[in-house]
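Letter by letter, the chains look like this.
Number of protein chains: 4
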Amino acid sequence: MIKVAIIGASGYTGCELMRLSVQHPHIELVAVSSEKFSGKAVGEVFPSLGTTVKLTFHALAEQEAMREADFVFSALPHSEAMGVVPHLIQQGKKVVDLSADFRFRTPDLYEQWYKKHTAPELLQEAVYGLSEIYREKIRGAQLVANPGCYPTAVLLSLIPAVQNKLIDLKSVIIDAKSGVSGAGRSPVLNSLFAEANEGVKPYKIGTHQHTPEIEQELGLIAKQQVSLLFTPHLMPMNRGILVTAYATPKNMVAQKDIVNIYQTFYQNDKFVRICPPDTLPSTHQVKGSNYCDIGIIVDSKTNRLILVAAIDNLIKGASGQAIQNMNIMAGLEEDSGITQLPLFP
Amino acid sequence: MIKVAIIGASGYTGCELMRLSVQHPHIELVAVSSEKFSGKAVGEVFPSLGTTVKLTFHALAEQEAMREADFVFSALPHSEAMGVVPHLIQQGKKVVDLSADFRFRTPDLYEQWYKKHTAPELLQEAVYGLSEIYREKIRGAQLVANPGCYPTAVLLSLIPAVQNKLIDLKSVIIDAKSGVSGAGRSPVLNSLFAEANEGVKPYKIGTHQHTPEIEQELGLIAKQQVSLLFTPHLMPMNRGILVTAYATPKNMVAQKDIVNIYQTFYQNDKFVRICPPDTLPSTHQVKGSNYCDIGIIVDSKTNRLILVAAIDNLIKGASGQAIQNMNIMAGLEEDSGITQLPLFP
Amino acid sequence: MIKVAIIGASGYTGCELMRLSVQHPHIELVAVSSEKFSGKAVGEVFPSLGTTVKLTFHALAEQEAMREADFVFSALPHSEAMGVVPHLIQQGKKVVDLSADFRFRTPDLYEQWYKKHTAPELLQEAVYGLSEIYREKIRGAQLVANPGCYPTAVLLSLIPAVQNKLIDLKSVIIDAKSGVSGAGRSPVLNSLFAEANEGVKPYKIGTHQHTPEIEQELGLIAKQQVSLLFTPHLMPMNRGILVTAYATPKNMVAQKDIVNIYQTFYQNDKFVRICPPDTLPSTHQVKGSNYCDIGIIVDSKTNRLILVAAIDNLIKGASGQAIQNMNIMAGLEEDSGITQLPLFP
Amino acid sequence: MIKVAIIGASGYTGCELMRLSVQHPHIELVAVSSEKFSGKAVGEVFPSLGTTVKLTFHALAEQEAMREADFVFSALPHSEAMGVVPHLIQQGKKVVDLSADFRFRTPDLYEQWYKKHTAPELLQEAVYGLSEIYREKIRGAQLVANPGCYPTAVLLSLIPAVQNKLIDLKSVIIDAKSGVSGAGRSPVLNSLFAEANEGVKPYKIGTHQHTPEIEQELGLIAKQQVSLLFTPHLMPMNRGILVTAYATPKNMVAQKDIVNIYQTFYQNDKFVRICPPDTLPSTHQVKGSNYCDIGIIVDSKTNRLILVAAIDNLIKGASGQAIQNMNIMAGLEEDSGITQLPLFP
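As given, the protein sequences belong to chains F, Y, G and E, one line each in that order.
According to the numbering used here, the first sequence is numbered sequentially starting from 4.
According to the numbering used here, the second sequence is numbered sequentially starting from 4.
According to the numbering used here, the third sequence is numbered sequentially starting from 4.
According to the numbering used here, the fourth sequence is numbered sequentially starting from 4.
Since the hints were derived computationally from the structure, they do not count as laboratory data.
Please note that a few of the clues may not be correct.
Since copy identity is lost for identical chains, a pair holds within one copy or between any two.
What the hints assert, rightly or not - Heads up, simulated SDA-like pairs for lysine to any residue below, C-alpha to C-alpha not over 25 Å straight-line:
no. : residue 1 : residue 2
1   : Lys-173   : Ala-257
2   : Lys-57    : Asn-263
3   : Lys-96    : Val-191
4   : Lys-43    : Glu-83
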């Protein structure tokens, strides 16, 4: 059994990490931290985990609690993680960090979109945890930077096309739709039920902080700088991200050829499902699972390739992929503890 | 008072037409037809209208009921309207038809996307009822073809840019999101609560029947053939359409200049609201009203113009615009009976 | 035109008061206050009211703004209203207060459930604004205490039965269900979308602060002390309250006789609709309107009378009834400005 | 491995049975039937199960398909199951039937509420599959009648009180709230998104077909005839049942004593969680799990005991409990394959 601690565990990704960890056949959950709920039983904060997760939240300062952990998931907010993760690394623990703090290969982009980086020395060492793409590097890593929820769906849908040089990189437009849990558990006006329900709206068009993360990763695949338009929308649902990506193919290609390319690309990846012809993904069909469903359409009239990806933002977009990365790092079966099928309806 | 009949009144647009008609200061609602509910009181079928709409649905064959009507709204389904509307026109009644049957200037497109047209002689006479654009022609029309819900939002957001030759027409991509009421009141699997709730999915990418309507109308403005990609998505909400349209500007333009162009273009149009800088439309903010809110973003990094429009699909996208057209045809104030402010939250 | 000010106007009931006021044929809205948004245009805070409500929020201290108002709606929170309303009364303004501060006939109950009352001298003068029941008293009042949302639905459904001595008062159980907007616009954990969506839960069973208000009012009708069980539930919807009230009839009565009693009781009340036999109210059928729909079932097997009432909590349960009360106080038609039919779906 | 077939597998409970079966460590799913989708791959009908359930639906008539099954779940509709189950029993298969057809001990009640029973000889043999209560009988049964969704929640919350003679049986009132999936996957008007969303309504007050099932089972516990009022409500959510049951205690008892009685009653039942003092169940906290959460309130002011139970209607209310019963019948761990923790949010 791997002894695991989760820090910053009182948000939605923390709740999912706890849920998945206590059901994981090779994890023993030994400690969970939360500043806000320090001293409270997990079941008081998350009745859903009630009788099963028998731990009490401790404050981060009470480092004793984590001493026996070999492995740490950090679900701290952006810019807090970089203050804590270096100590865990020094103590020899393996870490999957779910914040943006270690996702950038150099501090410049981070500092441009977030703030001054206080642990830049770890950026080279950290491995970007898009499991299907960086599996080999993740295997040997001590620190994995778990991808953002939007980037996970965007990259899984675009990378095969980019790697196979199928599309004009300048043409890429990403229209993304996310459920409200993506905004976290903090009580803010825009996340109120009556503000989000029965409405849909775009936000941060071209200025969302996941843009540079997407551009960096596609640039590394394309081996050239990538600049694209990313438009997120807030949707009246708890979970799920749907990405509709538009690109112009470099050469006219048949839909079935692209489907073949994608099926080959992901042939060894259990969590990526390429939709059958004439069907399209829905967030409904992946909810509660670690799947990423990808649908492929070629519109010959306008010469566009349309790629659609659906994930559960809290699982493949966060906590599920974190477990997947831990499984890889620990030499376990990659799907260990995350084989749950989607909950429909 | 204008004596009005509504045929095909038992769907959601029929319900809205009845609701708006009985509150309209210049309408006397004299007859409502429904094959399915013929003989039933309106209040039995729509308890919301209960004590106010005191009519009983009659079958279409009982033409007597409509004899005294001067004005008819047809909310019959596509391809049924063209069997009925010619008789109404012959009887000298003015008609606003909410189906697709009279939206095309020639029968070809209609026959390609729908079916054989049985009243092609009316196509030249019919005026496309996008009120803000064709106000003058609508004024003198006997038959107005009310635009589709998606086309209304798409066209109002794109026409000023097209008319001012701001954008490369080949670059246009439209990502649209609609509430479930857009699919009508027929009990079909995809419209079930448990199928639509907590999920978002695209459908009919590049093949939705509103595509040729949008292309025809933009082509008439641009005076050239237009071919574009239209991708609708089904959203877990009752009402609302949000259109996010992407286009490449022909020349670099400043956001504020485009905002000015739009404000000028719509300066006499009460129902079009251009969003203040740095704000974006939400369907939440137009629900229950005849407004179309338009937001304008220029992303200089990728050289894209993003136009976002929000409408209530059942009001500005259907029944509200139908009343607006009737007001114009009858020489009334254009906003008569449709001044309701949005219901928020 | 009546010159109206709204204080505490930046919550959901404030938004509704503004929406209804600017569409009211006899109201000129002259000032709106908000501490939080003081200095901001209404359209910035509520884009739905955007181009129509052209006022700017002022702080309460800037009393100048309200000087010309003859009539004031106070939508301040409980316990804040009693600090402000006495000054307005002294200035000779007519006031409808939407808080609980003036709903109790004596300070004891208020102080037991809320806090120390600072203006107890106004309690005798204030008229409880349940329009259908206290119309005559409201007509002559300077200060009307608008009922709570739950009490409005509960009282309208129970009062005819209580007044006609049809039920055993000790038997009454009220199971109520409310949309999330009832919790207001403050960002609190329980009102977050992801906390409230896809779930239903009871809260404050037997301890909700609307309990004494209901008991006081039923006691006044029954001319004896009333003690009942009130169980509210939080529902995943924006608007609406449904009350399912259970009581044991004193004598066996036929359903149609009780329906007759209710129809007679409310025969002059446009906003109360008694459901036809075999139909039951739904919040869906009153949304966006000032209606209260009441359904009546007698279960002879268990000898129970079940009364079901549905209202829009922000309209008949708050702002709509406030306007109704103002209409009565000002000698206008009682339904002036609030004749909107429900928005379905 | 137990070879399992599911008949009538194309509804929501069938989907859940397949999902749980293929993840169950001791089940091999060998056949699934559906008349409507016969010949279609499961993944075509339920993309969520896509790559995992590799079976094709067969028609019931193709009995070959089921020959190798030792165990059959029947998710056929009421009144269809009784035409099929007798054959399965004759063939020596063990059966859990999810319809109402074998829930009644004698045919009278069934025939009064449903229709003529065609296999009454099986009624005595069938065991009512409320796992926590009838575990011993289920162990030896060949045919288990899985309880209805409402009865499961109602009975688990009331049985300890009834068995301990805590309450006056004549006083019981049950106010229940259910998500829309409870109505099944058939396309009917009331289950449409736009009809059910943003609204709550009661239905079949006192006349719901689960009433006699509840009365029969409580009567068996109480050893006397029970007659109670059951009022279901339709809620705008996919999954979940919340039951709020009201009863008058025979003698005044303290809340903590009743909590103790319940904790003792269910001390060996993993799937029943008694809420800590001052907390109440929410369907949100059991979604996706086989748990039944029970909250207990004593309102001393009105002398009422209020019992609140929350379940996932498709799991503990149907397919999860069916698996639980199969586990008991097969001598497996009772929670085998159904240990999933709730999915929150």
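Which numbered conditions among the earlier hints are violated in the structure presented, ordered from lowest to highest? 3
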